[in-house]
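Chain E is already provided as a structure; the job is to place chain P on it using the hints.
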Amino acid sequence: GDSVTQMEGPVTLSEEAFLTINCTYTATGYPSLFWYVQYPGEGLQLLLKATKADDKGSNKGFEATYRKETTSFHLEKGSVQVSDSAVYFCALSRGAAGNKLTFGGGTRVLVKP
Amino acid sequence: EAGVAQSPRYKIIEKRQSVAFWCNPISGHATLYWYQQILGQGPKLLIQFQNNGVVDDSQLPKDRFSAERLKGVDSTLKIQPAKLEDSAVYLCASSPLRGRGSNIQYFGAGTRLSVL
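Line order of the protein sequences matches chains E and P. For reference, each letter of the first sequence is one residue, going 6 to 118 in the working numbering. For reference, each letter of the second sequence is one residue, going 938 to 1053 in the working numbering.
Okay, chain E solo, but in the shape it has when bound (with noise of 0.2 angstroms):
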């Protein structure tokens, strides 16, 4: 079956240093490939998106490219900021429209002044 595998957390880092979370996947065919992040007392937001291959999804000052040769969607982002903190998950849809999402296990960033 489907299934997706993300870095575990905490990962704690300073104000302005680089982020990356590594997210792999496992899945038939081309699946859209999705970050959500989750901040504290919230519900889960998407962040970004990308539906093919080398397909780069970007918001917020974060990107993430869909790697079909390595299965991988790892997030990045140059200089965080406190605000990030936050959970992120990767996850994966299959299909057309209205396919279920496939979530990996989350990874907390906690970014400290």
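Please note that the accuracy of each hint is not assured.
Stated by the list, open to error - Non-contacting residues of chain E with respect to chain P, defined by C-beta distances greater than 10 angstroms in every case (computed):
id	residue
1	Leu24
2	Ser37
3	Lys65
4	Glu68
5	Gly83
6	Gln86
7	Ser90
8	Ser98
9	Val114
Said to hold, decoys possible - Here are some, though not all, of the chain E residues that point toward chain P, as calculated from beta-carbon distances under 8 angstroms:
id	residue
10	Pro45
11	Gly48
12	Phe108
13	Gly109
Please keep in mind that the hints were generated in silico from the structure rather than gathered at the bench. Beta carbons: idealized from backbone N, C-alpha and C, even for Gly.
Below, chain P alone, put in the same frame as chain E:
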């Protein structure tokens, strides 16, 4: 545009009791999802509706969990009787059936259930 509404935000019950959660999706969204998120894990799909029909309930523990979406709008998820391992956050999400954003799910804030 109003987001996905869920209630209650928190619920504490004793094992073997019953509980119900309510979800109101974004207006016009045909697809509605219920996910279970156990502490420290990613959300796992319990059931997916398209309008008022069930698309996928393969991961729903049907001996104790039930869900309905009457009239294809609001949805209710029920647990009866609850077990200790049902302690989790129950997330509702919705998405449009077609068009821009049809592969994006919009999540509510969730209901945190504690079973004692």
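For each hint, the structure was consulted:
Distance check for Leu24 of chain E against chain P: the nearest CB is about 19 angstroms away, which clears 10 angstroms, and the non-interface claim stands. At roughly 6 angstroms, the least C-beta separation between Ser37 of chain E and chain P is not larger than 10 angstroms, which violates its mark as non-interface. Every Cβ of chain P is farther than 10 angstroms from the Cβ of Lys65 of chain E; the closest lies at roughly 16 angstroms, confirming the non-interface assignment. Consistency note on Glu68 of chain E: stated as away from chain P, and its beta-carbon is indeed over 10 angstroms from all of that chain's, at 18 angstroms minimum.
Residue-level check passed: Gly83 of chain E sits 25 angstroms from the nearest beta carbon of chain P, beyond 10 angstroms. At roughly 23 angstroms from the closest C-beta of chain P, the C-beta of Gln86 of chain E stays outside 10 angstroms, upholding its exclusion from the interface. In this structure Ser90 of chain E is separated from chain P by more than 10 angstroms, as the shortest Cβ-Cβ distance comes to about 17 angstroms. With a minimum CB-CB distance of about 6 angstroms to chain P, Ser98 of chain E fails to clear the 10 angstroms threshold, and the non-interface call is violated.
Distance check for Val114 of chain E against chain P: the nearest CB is about 15 angstroms away, which clears 10 angstroms, and the non-interface claim stands. At its closest, the beta carbon of Pro45 of chain E sits 12 angstroms from a beta carbon of chain P; the interface hint therefore is violated under the 8 angstroms criterion. Evaluation of the Gly48 of chain E hint against chain P yields a held restraint, the C-beta minimum of about 4 angstroms falling below 8 angstroms. Because the closest C-beta pair between Phe108 of chain E and chain P is about 3 angstroms apart, less than 8 angstroms, the hint holds.
Checking Gly109 of chain E against chain P by beta carbon gives a least distance of about 5 angstroms; that is within 8 angstroms, so the hint holds.
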